[in-house]
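*Asks:* Now for the letters of each chain:
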Amino acid sequence: MAGGGGALEIPERQKRGKIVRRKKKKRIGFRIDLTPLVDITFLLLTFFMFTTTMLKPQIMEMRIPPEMYAKVEVRASELLTLMLTPENKLYWYKGIADQNNPPQEISISKLRALAIEKNLEPTVKNRLITVLKISPEANYARVVEILDELNQAEIPITEAITKEVDEKGEPVKRQRKFTIAPLTEEDLKLLQGEGK
Amino acid sequence: MPKIKKKRMGFVIDLTPLVDITFLLLTFLMFTAKFKSEAEAEKQFTIRRPTVSPDTTKLPERDLAIINIAIDDKVPTDTSYYYGLTNTKDIQQIYQLVPEVPAEFYNKALIKVDTVMLGKLIRATLSVRSSTRFAIDADRRIRFKWVEDAMNILRRNRAFVFNFVTDKRRGGEEEKSMEKK
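First to last, the protein sequences are chains Z and L. Count along the first sequence from 1, then add 133; that gives the number in the working numbering. For the second sequence, position 157 matches number 149 in the working numbering, and the numbering has no gaps at all.
Incorrect hints may have been included.
Said to hold, decoys possible - Here are the simulated distance ranges between beta carbons: (1) L:Val67 to Z:Val298: 56 to 64 Å; (2) Z:Leu167 to L:Lys104: 51 to 59 Å; (3) L:Asp65 to Z:Lys189: 16 to 24 Å; (4) L:Lys160 to Z:Phe180: 22 to 30 Å; (5) Z:Pro269 to L:Lys104: 21 to 29 Å; (6) L:Asn144 to Z:Glu211: 50 to 58 Å; (7) Z:Lys306 to L:Glu32: 52 to 60 Å; (8) L:Lys81 to Z:Phe180: 23 to 31 Å; (9) L:Lys104 to Z:Val205: 18 to 26 Å.
In case anyone wonders, no lab produced these hints; they're calculated from the structure. Glycine is no exception: its CB is placed at the ideal position from the N, C-alpha and C atoms.
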């Protein structure tokens, strides 16, 4: 170390030299017993695997207008009315229902096809208003199923409508018109008349 | 010197890949696991949600107020509204704005409410945090009237956007529900 002068290389070299001269010491490896670690890890792993649920509830967004009783004038020919009765039966009619145009019963599984067909009729394309009249006695699950079918129908409808171009050359925007209304006594009478 | 004992040959299995994978899975599950929110933990009922076709929109975890319409587990004829909040910090502030909420409920994230209280709570929630989103989590067995009333209360209290909480329909269920129709 004498005359090292602060330079680091010299003492190191000396050290190294010593080691070279000495007999090589056998390196002793060491072992750690990993068993408890693996035990705990597996325990935690199984715990988390059994308690995790990957399925989260999903949501269906709804927007309701601020005014409940505001009157809007619409053309009857652009109306598609769906009615859900207290017995959870679904009826539909277009325009105004009367003797010549009675409400017809439809199963929910066929609703999607109906919605697509009616929405894409050339005369009312992109202007059709869907009204869903629900009886307060109807089952909530049925209501959600109907809303779901109508939502699913929107996909092909939007696809078909946005293919067209307006006079400016831009694709037409789908304007969905949909409303929920309570099923009135009059509607029920109309349905009873249909049953005769 | 005694005879040299033959050393028994043990065998060693390299556990490294096993431990690697185990740790990977463990950390994944640990990070994705979520604890039940307080409102969820206080539930005295189970909601059987309506099932719909799969969707990617999930229920938000924060700034959410849930209106539960549930059938009591013990008394099946008893349907009632419950109001739950996910932001635990806001709870007390919101409850204090509604005189109908008794003081002993101030530490509860989920309370049983009637229609009058529900309206006031919605208004109070919006005044405390206007970004709150609302969700109606109703049991699929109830009549629509319950939901309709809740929707009208929301409308009257200026909450025009809300969500229905639903579950993903699985393969088997679809067939069953179609048969019913």
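*Asks:* Could you run down the list of hints and mark each one as holding or not?
*Replies:* Cross-check of the supplied hints:
| no. | hint | verdict |
| --- | --- | --- |
| 1 | L:Val67 to Z:Val298: 56 to 64 Å | 60 Å, holds |
| 2 | Z:Leu167 to L:Lys104: 51 to 59 Å | 52 Å, holds |
| 3 | L:Asp65 to Z:Lys189: 16 to 24 Å | 22 Å, holds |
| 4 | L:Lys160 to Z:Phe180: 22 to 30 Å | 25 Å, holds |
| 5 | Z:Pro269 to L:Lys104: 21 to 29 Å | 22 Å, holds |
| 6 | L:Asn144 to Z:Glu211: 50 to 58 Å | 27 Å, violated |
| 7 | Z:Lys306 to L:Glu32: 52 to 60 Å | 40 Å, violated |
| 8 | L:Lys81 to Z:Phe180: 23 to 31 Å | 30 Å, holds |
| 9 | L:Lys104 to Z:Val205: 18 to 26 Å | 38 Å, violated |
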